[in-house]
Amino acid sequence: MSIDARAPSATPSRSHPSRRAPEGGSAGERTLNVFSHAFLVLWTVLALVPLLWAVLTAFKSDREIFTSPWSLPTEWHVENFVRAWTTANIGRYFLNSAIVVCAAVVLVMLLGAMVAYVLARYEFRGRDVIYYTFVAGMTFPIFLALVPLFFVVQNVGMLGTYHGLILVYTAYALPFTVFFLTSFFRTLPGALVEAAMLDGCSHAGAFFKIMLPLARPGMISVGILNFLGLWNQFLLPLVLMPDDDKYVLSQGLAVLAANQGYRSDWSALFAGLVIALLPVLAVYIAFQRRIQDGLNVGAMK
Amino acid sequence: MHYGKYRFVASFLAVPLLLYIVFVISPYAQAFYISMTDWSGFSADRNFIGLGNYAELLSDARFWRAMWHNIALLIVVPLVTLGIALFLATMTTVAGRRGMVGRGGVRGSRFYQVVFFFPHVVPLVIAGILFAFFYNPQAGLLNGMLRLVGFEWLTRPWLGDTTFALPAVMGVLIWVYVGFYYVVFSAAMKSLPTDVFEAAVLDGAGRFRTFVSLTVPMITDSIKTSYIYLGILMLDGFALLQVMLPDGGPDGSTEVVAQYLYRAAFTEGRFGYASAIGVMLCLVTLVLAIVVLRMGRRDRVEF
Amino acid sequence: MTPPHRSALDRRQFLRRLAAAGLLAVPGAGVLSACATSGGGPTTSVEGEVSAQNPLGVAADAGLDVVIFNGGYGDEYALYHQDMYRKRYPEAEVSHTATTQIAQEMQPRFVAGNPPDVLDDSGAQKIEYATLVSEGQLSDLAPLLDAPSWDDPNVKVRDTLLPGVVEQGTFGDQFLILNYVYETFAMWYSKPLFEQRGWAVPTTWDELMAVCEQIKAEGVAPFAYGGTNAADYVLDLNLGAAIKQGGLDVVRNIDNLEPGSWTQDTVVAATEGLQEMVAKGYFMPGSEGLKHTEAQTAWTQGEAAFYVSGSWLENEMKGIAPPDFGMAMAPVPVLDSSSAMPATALRTQPAEAFLVPSRAKNVNGGMEYLRLMLSKEGAGKFAELTASVPGVKGATEGIKKTPALESLSAGLDAAGDDVFTWQFRTWYSPYSQLLKTELGNLLAGRTDAPGFLAAMQAETDRLAADANVTKYSR
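Chains as they are written, first to last, in my numbering: chain A, 20 to 320; chain B, 5 to 307; chain C, 2 to 475.
Calculated from the structure, these hints are not laboratory results.
These numbers come from a predicted model, not from an experiment.
The beta-carbon is built from N, C-alpha and C at its ideal position, and this holds for glycine as well.
Below, a list of computed lysine to aspartate or glutamate pairs in the EDC-like style, where the Cα atoms sit at most 20 Å apart:
#1 C:K472 with B:D42
#2 C:K192 with C:E214
#3 A:K265 with C:E106
#4 C:K281 with C:E219
#5 B:K9 with A:D147
#6 C:K281 with C:E208
#7 C:K319 with A:E83
#8 C:K377 with C:D84
#9 B:K9 with A:E142
#10 C:K88 with C:E50
#11 B:K9 with A:D218
#12 C:K472 with C:E460
#13 B:K9 with A:E213
#14 B:K228 with A:D147
#15 C:K319 with A:E98
What follows is a set of in silico ranges between Cβ atoms, one per label pair, in the way DEER data are often shown:
#16 B:V80 with C:A218: 41 to 51 Å
#17 C:D141 with B:Y58: 34 to 44 Å
#18 A:L67 with B:G54: 50 to 60 Å
#19 A:V68 with B:L287: 37 to 47 Å
#20 A:P232 with B:F155: 50 to 60 Å
#21 C:A466 with B:L287: 26 to 36 Å
#22 B:S15 with A:A117: 28 to 38 Å
#23 C:P164 with B:V80: 53 to 63 Å
#24 B:A48 with A:A117: 32 to 42 Å
#25 C:A211 with A:V68: 40 to 50 Å
#26 C:D141 with A:I118: 44 to 54 Å
#27 C:G282 with A:W95: 37 to 47 Å
Chain C residues, not near chain A, derived (Cβ > 12 Å throughout):
#28 V51
#29 P149
#30 V221
#31 P431
#32 S474
So here's chain A without its partners, still in its complex pose (with noise of 0.2 Å):
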C-alpha cells in the first residue's frame, strides 16, 4: 500500500465512464437524493440565518430592535459599532485573545501529540493511569475549580498575567487533545517508523519527522476545535485576569451580555458581537482552504 498523494476528489467522474454505476441510480436512490440535497439546503438556511439577523440588528436602535425585529433597519447606525469598539472596548480585548489563544493552542497542539503520541504508540507501566487522569480532567465541571485554581495561579505569581493565562488554558485544553489525538495516532499505520527506526531514526525523529506530518488532518482538525474553545472560554480569565485592560473578547463579551439583564444597550452588545465574530469567520474562511488542501493529502493505505 502506498501513500496516495493524489489531487483533491474534484475531478469529474466523466473521465471514468466505466465506474460510473447505473444513471440516476434507482427511484429509492433519487428520493434519497433529493431529500438529501433538501436538507443541504436546509441545513445551510438555519446555520446561516441567526448570524445574518445578528449582522442586520447591530445596525438598528434599541427601539427598533424590540419594535421589528425581523425587518431591515430603517436607519443604518454605524455608531453602535463605534460605542461598542469604545465603550466595551472590544478592540483591545480582540487583541489580548490573539495574544493569549494562539499562543495557548501551539502549545497545546505541541505537547498534546507528545502525550497522545506516546500514549497510543507504546506499551509502559502507568500508561492507562495517565491516560484516564487526562480523561478524568475533562468530566469536572470548571467553575468549581475555581477558586481553588486561583490561588495556585496566586501561589506561583502568575495572577493577571499572559503567560499565566496562557499555561492554565494549555493546562485545560489537555484533556480534550489527548483525547481527541490519542485515537487518532492509534489508527495511524506504523510500518514507516518501523522501517525509519531500522534505519537508526531516534524516538524523537520519528515522531517529527514521520509521524506528525501523517498526523496532519487530526492535528489540524483538533487544532481548529481547539483554538475555539479557548477563543470561546471565559470563565478562565474571568478569575485570573482580573485588569480590565487585560481582558479576553469573550470574557468582554460576556460582561456585556450580563448588563443586559440590568441595562439595555441592545445594539452595542450586538454590534460587539459582530465585532468579534466576523474577524474569527473571516480567518476561518481563509484558513478554510488551507485546510482543505491539508485534510486531502488522500488516505493512508
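Fit chains B and C to the supplied structure of chain A, relying on the hints for placement.
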C-alpha cells in the same frame, strides 16, 4: 533500545504532565477535599464532615430532578447532533456526485464546508441571547413563521412552556454543536482510503448502503469519541441554560445539575455541598466514558 | 502494523488503575499546592485620628478599594462619590471596580482575607447577605449611624435616613448593610395612555377588575410579566394587597416563618383574586415565555397597560421606551375599603446593598465613603444620574425629575409613614427561586391559589424546622 524507549517516553511526558498536575489536577483534588467539608465559600473556616454532603445529596429530590434533565439532554442531543453531522459530512466528503461514491462530495461541497461550521463560532452566551429572541412568543421568528404559514395553533410560549422549554434549549445546543462534529467527521472521512469505496461502487452499492456498511464502521472510533465528548458537555451543560433560563425554567423543568451546583456554591453559600455535587457529576461522566469506550471495541475496523 | 490492542482489562484492575489516577493528586502532596485556601489571620484595619471633620477616624493616606455593581444604576454615580472622597482626603488612592459578576469576582478575595473596603453587593450574581452575615464577614455599621452627618454636624446620620433603611439593614441587633436606594414597588403605567383612553387608575380590587375588563375589551392586555426570570415581580400584587388590607401583622407573620402565615385570610383572598385575573385572561398571553426585558418592552409599546415592578424600571427602559411614554406609578390596590392601611400605602424596600467587609483594610474609610454617599450632594447626584430615590431625606429636592421620578415622589409623599417592607426574601435565600417557580405556575395556570399557598407554606415550615438555618425575627 529498551532504556532509550523509557527515557523518550518520560521526556515527552514530563512538561505536559507537570502543567496538567499543577493547574488542573491539584485544584480539582482540592475541590474534592472541599466536598467533604461544610465550607460556605466565603471565609476561611471549614469543618470536615466526611461523607455528610453525599448522604444529603442522595436524598435530595431537586438534585435527582436536575440529573434527569441532564440525562434527557444526554440521550437526545448527541443522537440528533451526531446524526446530522454524520449526514452532512458524508454528503460533502464522500458521497460523491451521482454515482461516484467515495470521491469527494456533492456539488457545492466547498461552500457547505465553510458554512456549516459557522454556528460553532458563536459563543454559547451569545447563541442563548440570539435564540431567546427567536423563541419570543410575540416578536420571535419561530412563532412568526408558524403564523405566516398558517400554523397559528402550533405557536407556544416556548421558553415558558413546561413541555417545550427543554426541547427548545436542545434545539439551540444542536444548532451550535453540529458544526463542531461536522469538522471532526469530515476529517475522519477524508482519511479513509478511496479504493474501498471504488470497489463498493463497482459492486453496485448506492450511497446509503455505502454509508451504513463502509463509512460508519471505518470511523467508529471517531463517532465514539465524539459521543463521549458531547455526552460530557451535556452532563456539564451550564452556560446556555443559565443565559436562557436562569431560574430553572417553567416549574423547574429545565434546571440541570450544573445550575443547581452553581446556585449552591454562589448563591446559597454552600460551597462544600456544591463540590460534592460536582464530584457526583464527575463520577457519572466517568461511567459514561467508560461504558462507551468499552462498547463495541471488538468491532473496530482495521485497515 | 497497528499497535497491539490494550489487553482486555477486567473490571477490578480497571477500577484500581482509575483510583490510582485519582490518588495521584492527594491534597498536600507536592510542592506547589500551598494550601489554596489560606485565609489570612485577623487583618487590622488602618485608623486615623478622630476629629470634628473626621468623626470616623479615617486614615488620611490609606487607600480605598471600592467595588460597584454595574447594573441598572451604572457606576457613574460612584465615580462622582469617589471624587468627593478624594477632595476630602487628597492623599488617599481610591480604586474603582465595576462588575456584574460580584460573587465570582469577590469570592476569592473574601476567602483570602483581602476583600474590598466598600462593596455594592447586588444583582443576580450577588453574594447572598445571609451567607456573609452568618460568616461574620461584615463590619458593624453602628459607628456610621451615630456619626454626625456630612452636611450638618448636629444631626446624626441615623436621623437623615428615610424610614425602613435601618431596619432593612439590621440582622439580629447589628446594622450591617446600608441599603442605599429607596426602591418602591407599584403598578406602572403610561399616564398619557390612560388619560387618552379614559381608563381609571384603580384603588380597590373591584376597581382593578373593572378596569382590566375594560382594557381587555379594547384589545390591550391589562398586565404583562416576565415569566422566564421575573414572575416574582407579581408578588406585589397579591401579597402587597393582602398586607395593605390586613395590616403589618400579616407580613410580620410571614417574615417570622409562622405556621399558617401563608394562609392568613387576606393572603388567601388576594391570591384568589390573582387567580381570577389569570382565569379571565388579564395577563398578556405569551408572558410566561418572556424575559423581564421583553415583557417590559412590550409594555412600553402599548401592548400591555400595567406592569408590576420596582422603581428602577424607568432607568432600565431608557432608550427603549418612547420619549412621550410618561411613566407613572400607582400603588397596589387594597382588597376593599375596610383595609387596615390606606390605599396610598406603598412597599418601599431599601435595596442596593452597600457593605463594608469586616476584613477590609480600610474599614473606617469605607464607612466614611458611605457617609458621604448619604450627604445631600452625594445623594442628590445619585438621584440625578439614576432617576431613583436614595434612602436619605430630601435627596430629590431641587433636582430635575423624570416623569417616573416625579410620580414616585408624589406617591411617596402621599404614602407618608404608611410604608412597609418584607424581609423573608432577604433573610432566607430559598424563597427567591421558589417564588419565581410557583408564581410562574400560578400565572401560567398550572396551579391554583391553594396550590401556590401550600407550596409557600411547605417551604416556610421546612425552614422553620431546619436548625441549620439562622433565624431572624421582627
